[in-house]
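Asker: Here the numbering used here is used: the first residue of the sequence shown is 109, the next is one more, and so on.
Rather than coming from a laboratory, the hints here were simulated on the basis of the structure.
Only a predicted model underlies this, so the values are computations on that prediction, with no experimental measurement involved.
Zero decoy hints are in this set.
When the alpha-carbon atoms are kept at most 35 Å apart in a straight line, the in silico DSBU-like pairs for lysine-lysine are as follows: (1) Lys241 - Lys159; (2) Lys155 - Lys134; (3) Lys171 - Lys228; (4) Lys161 - Lys171; (5) Lys228 - Lys211; (6) Lys242 - Lys125; (7) Lys186 - Lys242; (8) Lys171 - Lys159; (9) Lys241 - Lys228; (10) Lys211 - Lys134; (11) Lys159 - Lys228; (12) Lys159 - Lys211; (13) Lys211 - Lys242; (14) Lys155 - Lys228.
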Amino acid sequence: MGGRGGAGGTSGGTTSKLPALSGSEKQVSWAESIRASVFDNLTAMQKTIEKRKGEIKYISEDKAKQKEAEDLLGYSSKNVRTAREYYSTFFQRVTSASEIIDKRAEFSANQVDRAVRAEKSRGALSRVLEMVKKQRAKR
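Can you make the complete structure from the sequences, with help from the hints?
Answerer: Structure below.
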């Protein structure tokens, strides 16, 4: 039961800012690839937004039409940035490779996509981040 291959290099350095993981060498490698894939998926989503905006901008300078491109995708750059902050915060707090591996289904491309779309429709990730910030402030 192995993880999927390489972590790629498109995570924008986000994974290098995360704490080291504890566990066996194999667990750590697998968990690092899971973390990297989350950020790679978010980077791909951001690039999709930029591409769509560029296509619309090529056709029209109208800002409303550019916003329409984001609406068609179901998420915006802001939603992706919030998701990146959410996952960064989570991975800052979880340093056990086995815990990340156990929760790997939550970090699939589909789940990351759903989380970003939930942020757009309900502000789900923002609310969680606010709760985490309040907990930190109490300490």
